[in-house]
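> One letter stands for each residue in the lines below.
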Amino acid sequence: MAVTGAEILIKTLEYEGVDTVFGYPGGAVLPIYDALKESSKIKHILVRQEQAAVHAASGYARTTGKVGVCMATSGPGATNLVTGIATAYMDSIPVVIITGQVSTEMVGTDAFQEVDITGITMPISKHNYLVKNVKDLSRIIREAFHIAKTGRPGPVLVDVPKNVSAQLTKYNIPEDVDLRGYKPTYKGHPTQIKNAAELINEAKKPVIFAGGGVINSEAAAELKILVEKTSAPITTTLNALGVFPETHPQSLGMLGLHGTPYANYVVTECDLLVGLGVRFDDRVTGAVEKFAPNAKKIHIDIDPAEIGKNVEVDLPLVGDVKTILEELLPLVEERENREWNARVEKIKKEYPLKYGETLALRPQYVIEKLGELTRDKDVVITTDVGQHQMWTAQYYKFTKPRTMLTSGGLGTMGYGFPAAIGAQLGNRDKLVVAVTGDGSFQMHMAEMGTAVENNLPVKVLLFNNNCLALVRQLQHFYCNKSYSAVDFSGNPDFIRFAECYGAKGIRITKTEETVPKLEEALNNDSLTIIECVVSNEEMVYPMVPNNKGLNEMIHFEEGEDDGR
Amino acid sequence: MKHTLSVLVENKPGVLTRVAGLFARRGYNIDSLAVGRTENPEISRMTIVVEGDDRVIEQVTKQLHKLIEVIKINDITEDEHVHRELILIKVNADPAHRMEIMQIVNVFRARVVDFGRNSLIIEVTGDEGKINAIENSLHPFGIREVVRTGKVAMVRGPKHKNGKS
Amino acid sequence: MAVAKDLREVCQFGNLMEVGKKMSGADILIKSLECEGVDTIFGYPGGAVLNIYDAIYRCKKIKHILTRHEQGLIHAADGYARSTGKPGVCIATSGPGATNLVTGIATAYMDSVPLVIITGQVAVSYIGKDSFQEADITGITLPITKYSYLVKDVRDLARYVREAFHLATTGRPGPVLIDLPKDVTYAETEFFYPPEIDLPGYKLKPNGIEKEVEKASEMLKEAQRPVIIAGGGVVNSGAHEELLALAEKLQIPVSTTLMGKGSFPENHPLYLGMPGMHGTAYANYAISDCDLLLAVGMRFDDRVTGNVKTFAKDAKVIHIDIDAAEINKNIHVDLSIVSDAKNALEKLLGIIKEKDNRRWLDKIEFWKKEYPLKYCKDSTRIKPQYILEKINEVTAGDAYFVTDTGQHQMWAAQYLKCVRPRSFMTSGGLGTMGYGFPAAMGVQIAHPEAKVVTIVGDGGFQMNSQELATAVHYNLPLTICIFNNGYLGMVRQWQDLFLDKRYSHTEISQPDFVKLAESYGAVGMRVEKPEDVKKTLEKAMETPRPVVIDFLIEQEENVFPMVPAGGSIDKMLGR
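Residue numbers (the numbering used here), protein chains in the order written: chain A, 1 to 564; chain B, 1 to 165; chain C, 1 to 575.
Derived by calculation from the structure, the hints in this document are not laboratory data. Each hint can be trusted.
Derived DSS-like pairs (lysine-lysine); straight-line CA-CA distance at most 25 Å:
(1) B:LYS62 with A:LYS296
(2) B:LYS130 with B:LYS2
(3) B:LYS2 with C:LYS129
(4) A:LYS187 with B:LYS62
(5) A:LYS187 with B:LYS66
(6) B:LYS12 with A:LYS132
(7) A:LYS481 with C:LYS61
(8) C:LYS129 with A:LYS290
(9) C:LYS501 with A:LYS37
(10) C:LYS129 with B:LYS62
(11) C:LYS63 with A:LYS481
(12) B:LYS62 with A:LYS183
(13) B:LYS62 with A:LYS322
(14) C:LYS152 with B:LYS2
(15) A:LYS548 with C:LYS152
(16) A:LYS132 with C:LYS329
(17) A:LYS205 with A:LYS224
(18) B:LYS66 with A:LYS183
(19) A:LYS11 with C:LYS501
(20) C:LYS501 with A:LYS43
(21) C:LYS129 with A:LYS149
(22) A:LYS481 with C:LYS22
(23) C:LYS129 with B:LYS66
(24) B:LYS72 with C:LYS129
(25) C:LYS313 with C:LYS329
(26) B:LYS66 with A:LYS149
(27) B:LYS72 with A:LYS149
(28) A:LYS66 with B:LYS66
(29) B:LYS12 with A:LYS183
(30) C:LYS60 with A:LYS481
(31) A:LYS548 with C:LYS129
(32) A:LYS504 with A:LYS517
(33) A:LYS183 with C:LYS129
(34) A:LYS504 with C:LYS515
(35) A:LYS149 with B:LYS62
(36) B:LYS12 with A:LYS135
(37) B:LYS66 with A:LYS322
(38) C:LYS129 with A:LYS296
(39) A:LYS132 with C:LYS309
(40) A:LYS41 with C:LYS501
What you are looking at is a predicted structure, and each value in this text was computed from that prediction instead of being measured.
Throw the hints in and build the complete structure from the sequences for me.
Structure follows, in structure tokens:
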């Protein structure tokens, strides 16, 4: 029996276990939307702007471990996805993006709503396809899912011309995927593993350094065993927060530009750095030549191209983190490292995270309280980009993997709220809190409509300082306090804004209101904006200045912001 | 230092764009690029000459490997390999100088493929050294136009570099 | 667009004393923009453009407009450019700031709008390393820019800016991107703004078209049933007067594409309305029946031609366009004239003689009477077409109209009466939802005293509704008319007509638009009855603040006439 390309597409998505698709319809995807309507297994979530669809698919993927799926029409529908695709690419998130395209005979003629999306997304997707023949469609979808979720995950785009999705053909259950040019390495080289174990056993001042790869690999348990066996302190990147409980005595929190002071000092002093699923990004290393200058470096990563890209390593080890750890752990000796751990404790005491204790409402305080109130619940926190993102990373204290969603690599403002929508849809019974700033929130605040339409009781913790505060901070330090174009007067009244969507709005202006109002909002089963009115003169400390080493941080000075 | 990479890719439309886009994005310098079918019509071979030190070449190779359609990459710079390039040179050749030019053509075992009133087109195949040498030798006469194919290369000996041993 | 002839002309706003002075890349950029006569820059700051923003802070001549999303700023720059003819200039930071511009760049590219886009980039040594907020924006925008630059050396910067403006504004205009790494903005060199441009691969066509113009005049003389279709090229070229003179001298009826709207006065008896998928029936019949088609500055897009095999099948085609690649791209052309429209029409006017086409014009009058634009009037429910008729009455031709994409866009094209060029702004080629409101901001900023009326749907408005903050911040007295039917109307129409009314995900909820406007401190008005339409419009246009009018319109109204996709334009539904 002949079916249309659109029906084949939907059937293959169902075969891949897809239950949610985020999207926005249009002319070129009419046949696909028609077939989608008939699907009993797949739920479609209509967003307000296509960028939110990719961010939502990303939030869904990050919290469930499945591949996120989104869909848009041709032309402007597809170009609106670009930032979202680049965001997922930089953070290695498995997302499959389906775009409509004009009919094959119109491609290349500057037709209405036509754009070369495969050309445009070439630098920012793991791979992409333009389906020219309906007979290839099912195979291509299966390949797309395979590529998206295996090896180093990433976004894969499939461009489907309108005539292909309307064309009739016979549907065959697609075969398993076999790509000649794509065979990721999972198992580590046995000799290298042995060598790695030796280095770890010999080290006097080891530090374990975990990144997003540990989460993608689902290796949190193995990581914990490693840390406890070696008694080594552990630090993580922004994207890996939660992969090791930050409440554990060996946790150093996050490392890098705005990492904890003690993480930065400890890494600078260590003699062995065990990097697991990290890529030594410039936010983490500071000036590369000054990064962990005394340490031998072990780099375990599934992507061989990352090894040696930014930092020279002594022991490269290509493979999947979990698979390698399983081989490595039996060879690692139990150690106590008393002297080193004592040193680490001393550094932690001497250089804790600090912020001003005066009367004003402090965002750091709010984050701390949020952490206390939610950490033991089944919670997902998303953030946007800016000061609030850094404070969340510093003060929340994550304890479980897949609970911290943020745009780490690309630093995309507007990520947090749509990602929270995706996370909530993938995890109906979890508490989802989107921490954001007034700048970031305004980028996709229209998605309140999406949240309301789908009854999602997401909480938006909005730090409102009427300012693009992180840019202002940079201007404070690097531009002699010339605050250029960072002032956001003209912001709406966020409480009234929430109400015109039928959502709730709660405002916090004083420190003592924090806990009771947070509790009220977190328990009210409604989409809620919790607005915290804070000062635009707050700074994120510590801060590693440009071209400086991690141990050359600017610290919070007492008395700097007295009288507020 | 120049490295010669022999890259096997699936013969699909857009592969060349992906490779070129990758090089542009990562900032690698392509000296020359030649591509054509192999004995297997589904597979093409690209011979890419890249400028860079060992670390750059290592990154280039690893990033290329991430492209789905790239099957195998060999850095054959150090291997014993046969490499050839073809060049067509249109040179001024008025009757007074024609003899001299013909002598150069013979010395290099090149061929004349077009006779004009005041010019000749000379075709030469050879390794980079030979190509450069004949171009230099013809320079004094006035070169009107040059087109080069870029280098192609094959490793000496019985080993195949096409994924089979 | 004339090319500046000497340094002084180029540096009309620049201070010549600064030539030769050593300064940072950021300052060179701003000084170069001043030399180009830029008065407004639309932007959003970030880490990579920190130094540029420092230079902007100290610059007194250029006004900076801060939006809430980069897509808002680029559509605003686009609206500015379309309504003035000057290049729109915008700036965003690296990574996500740059990628957020992509839709706006593609929109401008498809409609040949002159934009110069400056994006920050990570330092040169960090490029290609997947650095924080790094994106290969030149790679990404390769298919959708007229040209792009990655500035690796500060000594090239001034020259690239000069070239970028030249490329953006000459020939067929388009968006040009300059990617500026952070360290280059700090590096210093002497400032020199080059008077000459050297682009060996970009030579504007010489204007030797006398022979072709001769031939054209002969063909026009012989034609019995001629039609002119004027497109965006007539607007870009400023050729509307020549077009009117030509049409009147030869008595040829004129149809204007969506992009050409306003290039021919729409209250003129020779005006035929828009051709194509949602064009007027009489325009489509006239084109289908004509024996000579004079196409000026248009590109035979599929929305205009329908099935190319039957499009104007009996007609000889004369195609005047500045872009040679457009000629014979979609349809076969009998006489091609590669030239700027104004130049070609001037030359043509110089040699043609007056002519009368009485019989042909009578036939067209007949079609106009038999198949006018029509809709079912209703006294209790607001019809979208009715709102547009009232807008015509209230503005009396003295306003700028900006639309979004969808059914409202087509109704606006059909019913709004435009009498001058650059008064109707819409995303024609890419069909971008979310274009209308930010573009209107750009138009208002370019023309602070003018009436600017924005027509958007409830779907499209929600794509960039965050820009209400920008409108309030700069107190732009816009009138934003939301045609609210609770649907993605155009998609719903296709599902209605072609998929048996299977409405798949085209119903869309919305906030209370009036309360939304008020939460920003803007003015919100709601209209539910037809008798309130006109007075609400009048009140809104008198209000010196941004006004959002929520029109609750008939929910399942369809745009007619309609040529089904790929169909022949003389076979319309609902005419």
